[in-house]
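Enquirer: Chain residues, written in single-letter form:
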Amino acid sequence: QQPVQSPQAVILREGEDAVINCSSSKALYSVHWYRQKHGEAPVFLMILLKGGEQKGHEKISASFNEKKQQSSLYLTASQLSYSGTYFCGTDRGAQKLVFGQGTRLTINP
Amino acid sequence: ETGVTQSPTHLIKTRGQQVTLRCSSQSGHNTVSWYQQALGQGPQFIFQYYREEENGRGNFPPRFSGLQFPNYSSELNVNALELDDSALYLCASSFRTGSGTGELFFGEGSRLTVL
Numbered sequence: 023q024q025p026v027q028s029p030q031a032v033i034l035r036e037g038e039d040a041v042i043n044c045s046s047s048k049a050l051y052s053v054h055w056y057r058q059k060h061g062e063a064p065v066f067l068m069i070l071l072k073g074g075e076q077k078g079h080e081k082i083s084a085s086f087n088e089k090k091q092q093s094s095l096y097l098t099a100s101q102l103s104y105s106g107t108y109f110c111g112t113d114r115g116a117q118k119l120v121f122g123q124g125t126r127l128t129i130n131p
Numbered sequence: 831e832t833g834v835t836q837s838p839t840h841l842i843k844t845r846g847q848q849v850t851l852r853c854s855s856q857s858g859h860n861t862v863s864w865y866q867q868a869l870g871q872g873p874q875f876i877f878q879y880y881r882e883e884e885n886g887r888g889n890f891p892p893r894f895s896g897l898q899f900p901n902y903s904s905e906l907n908v909n910a911l912e913l914d915d916s917a918l919y920l921c922a923s924s925f926r927t928g929s930g931t932g933e934l935f936f937g938e939g940s941r942l943t944v945l
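Each protein sequence line maps, in turn, to chains A and B.
Adding 22 to a residue's 1-based position in the first sequence gives its number in this note's numbering.
Adding 830 to a residue's 1-based position in the second sequence gives its number in this note's numbering.
Derived from the structure by calculation, the hints contain no laboratory data.
A portion of the hints provided could be inaccurate.
[Stated by the list, open to error] Which bits of chain A does chain B cover? Going by a derived footprint, with three or more residues having C-beta under 8 Å, they are:
| id | stretch |
| --- | --- |
| 1 | 48-54 |
| 2 | 65-77 |
| 3 | 119-131 |
Just so you know, these numbers come straight off a predicted model, no measurement behind them.
Glycine is no exception: its CB is placed at the ideal position from the N, C-alpha and C atoms.
Given the sequences, and given the hints that come with them, work out the whole structure.
Expert: Here's what the structure looks like:
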């Protein structure tokens, strides 16, 4: 079952902050975050595992609420390079990463 | 670059034809997943191969099939093409250690247009 992301789109000025949310109706083993720029492949940002372990880029911050099956990605002091579409992917431990519909982030100078 | 290469990058087919897309995994990876991404949508999971066997499948009909070879490269085959099959097909390789999905390394994709 596909996770639900919100908001669908965000427009920021450089330096502003944003939060992207991802929720699932099923118990999760992990949540992944990827960013895809137009015409390019998705790029890994972070994995948040059940139990609190996180793996990812140091400059990316995210949380995973296991009780609510929700994850949030925090983008602080946004830069122009942060623009793109952000996807969360949910893993129920069945070797199947299911992606949400995406959140389009636009950063303006 | 992720080290995952896909071919061809673009192709045009007509309804009813068959297509084979190829993927070369990143060195050291033992798992490959295939995704279909329609314009403006998130990637949809087609299936995953681990040690040359299908290991997980999404909601795609049997005319979508695949192979993984001993060198961990992979093919996606689609028979009896339909107009709705027009999409970007992404291959992602990873190294599976436990029960969960590891970091996915995506290729640039193969854009299929069905006329």
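Enquirer: Against each hint, give a clear statement of whether it holds in the structure.
Expert: Now for the hints, and whether the structure bears them out:
Look at the stretch 48-54 of chain A against chain B: 3 of its residues bring a Cβ nearer than 8 Å to a Cβ of that chain, three or more, so the hint holds. Counting residues of the stretch 65-77 of chain A whose CB lies closer than 8 Å to any CB of chain B gives 5, which reaches the minimum of 3, so the coverage claim holds. With a cut-off of 8 Å between beta carbons, the stretch 119-131 of chain A has 6 residues touching chain B; three or more are needed, and the interface restraint holds.
In this structure, every one of the numbered hints holds.
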